[in-house]
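Between the sequences and the hints, there should be enough to build the whole structure, so can you do that?
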Amino acid sequence: MADKRFHLAWFMNFTPDEWREPFGQGGNPWDGQFYIEMAQAMERACFDLIMIEDKLMVPETYGGSRDLSLKHAMMVPKADPAPLAVAMGMATKHLGVVATMSTMAYPPFMLARLSSTIDSLTKGRFGWNVVTSAEDLMAKNFGMDQLPPREDRYAMADEYMDVVGKLFDSWEPDAVVLDRENGIYADGSKVHTVDHKGRFYQVRGPLNTVPSPQRRPVYLQAGASPRGRDFAAQHADAIVSVANGVEGMKEFRADIRARAAKIGRDPDDIKVFFCITPSLGETEAEARARYENVTMSDNFVTDVLISISAITEIDFAQFELDKPLPEKLVTNGESGTLDKFQQWGSGKTLRQLAADGGGGLVSSLELIGTPAQVAQKMGEAMAEVGGDGFLITTPVLRVSRRYITEIVDGLVPELQKRGLTRTEYKHQLLRDNLREF
Numbered sequence: 005m006a007d008k009r010f011h012l013a014w015f016m017n018f019t020p021d022e023w024r025e026p027f028g029q030g031g032n033p034w035d036g037q038f039y040i041e042m043a044q045a046m047e048r049a050c051f052d053l054i055m056i057e058d059k060l061m062v063p064e065t066y067g068g069s070r071d072l073s074l075k076h077a078m079m080v081p082k083a084d085p086a087p088l089a090v091a092m093g094m095a096t097k098h099l100g101v102v103a104t105m106s107t108m109a110y111p112p113f114m115l116a117r118l119s120s121t122i123d124s125l126t127k128g129r130f131g132w133n134v135v136t137s138a139e140d141l142m143a144k145n146f147g148m149d150q151l152p153p154r155e156d157r158y159a160m161a162d163e164y165m166d167v168v169g170k171l172f173d174s175w176e177p178d179a180v181v182l183d184r185e186n187g188i189y190a191d192g193s194k195v196h197t198v199d200h201k202g203r204f205y206q207v208r209g210p211l212n213t214v215p216s217p218q219r220r221p222v223y224l225q226a227g228a229s230p231r232g233r234d235f236a237a238q239h240a241d242a243i244v245s246v247a248n249g250v251e252g253m254k255e256f257r258a259d260i261r262a263r264a265a266k267i268g269r270d271p272d273d274i275k276v277f278f279c280i281t282p283s284l285g286e287t288e289a290e291a292r293a294r295y296e297n298v299t300m301s302d303n304f305v306t307d308v309l310i311s312i313s314a315i316t317e318i319d320f321a322q323f324e325l326d327k328p329l330p331e332k333l334v335t336n337g338e339s340g341t342l343d344k345f346q347q348w349g350s351g352k353t354l355r356q357l358a359a360d361g362g363g364g365l366v367s368s369l370e371l372i373g374t375p376a377q378v379a380q381k382m383g384e385a386m387a388e389v390g391g392d393g394f395l396i397t398t399p400v401l402r403v404s405r406r407y408i409t410e411i412v413d414g415l416v417p418e419l420q421k422r423g424l425t426r427t428e429y430k431h432q433l434l435r436d437n438l439r440e441f
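Residue numbers (the numbering used here): 5 to 441.
To be clear, the hints were calculated from the coordinates, so they are not data collected in a lab.
List time: in silico BS3-like cross-link candidates among lysine-lysine, alpha-carbon distance up to 25 angstroms:
| no. | residue 1 | residue 2 |
| --- | --- | --- |
| 1 | Lys8 | Lys421 |
| 2 | Lys421 | Lys97 |
| 3 | Lys127 | Lys430 |
| 4 | Lys381 | Lys8 |
| 5 | Lys344 | Lys332 |
| 6 | Lys170 | Lys194 |
| 7 | Lys332 | Lys352 |
| 8 | Lys254 | Lys266 |
| 9 | Lys430 | Lys8 |
| 10 | Lys381 | Lys254 |
| 11 | Lys430 | Lys97 |
| 12 | Lys144 | Lys75 |
Bear in mind that the values here come from a model prediction, so they are computed numbers and not experimental data.
Now the structure itself:
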């Protein structure tokens, strides 16, 4: 009998929690405790992993100022995901913890060393969300006037992955011998320099950390463009995607698997996670009313426009809210997100696009209803797609204890009752849990 289970993950970031709404937490989560408890709730529900998003700048595109981003706490303040990943990992036993780190910000040696250390601290449950960054404001924080063009960033990232791979392999698996009688901690003949000299990077090595339980972290990546899909198919253990419905999900997964097979990878070694933003209620009407109450509010429209402005570096404040966009827009930033947002040719006003963005920017399916209804829809969609999992998030990545509880104590039991998601962890390493089915 075929295993019909799919994987579950959660996408969040280390920013203020849901601070404005009646069931918010107050917006002061900087000691990490709220997010640590969130990770523990994910583990109770047998999620595969929790992924922490990141940006490395204060947005100031929308309205030509940072003021609105700060006023709305949209994409700022944002704390470093790596220490939070450690805290989450130390407070759990099975849940994978994934931090976003940019190849444009970390020298390869530093990222490899940090990843190896966190993987050891979490006993083999660390993942790295590989990003190249997409904002010129970020570049200005790292000695650049602007980001290189997208194609150059991918060329740099390919070499970057080669370098960190060599560093993770610079210690042979049995290099640490711990021979107390002869006073030998590590065998020097089994630790090697990497002597990399490439177009973008020059790294001698070896890494100065012992091999971690997974030897290298699990790699996650979100590639939407053809070049991004090639990169993900070559390097990723798991891929994050926002697709347009079941047909879009099927197309994306089939395309990634075909690209992987073409370069000699086993497609089953790559798990595709489709972003969703379930809206739950005790009845379908209640769930829809709650969804519309959120997405039609003035605050929400502004939040979405601040966010889309920041990641595309296009100031959407210049356009009238109640008219369609005047032309098809292009960006050196996140082009796939821009294309999905602007729905060119739809005739929708900017306000309608922003409301659509409440689900559409980060959701592959409309999932509004009772836990049982949403679980049924998720199972039917994944059966048609063929795998591999869902990445649950919220429209602007803010989260409340109320929503966490609705998912882990409402939706997940319905999924488990249908045999759709795991009810226990069988492996210690994150990579093994991902490859279990």
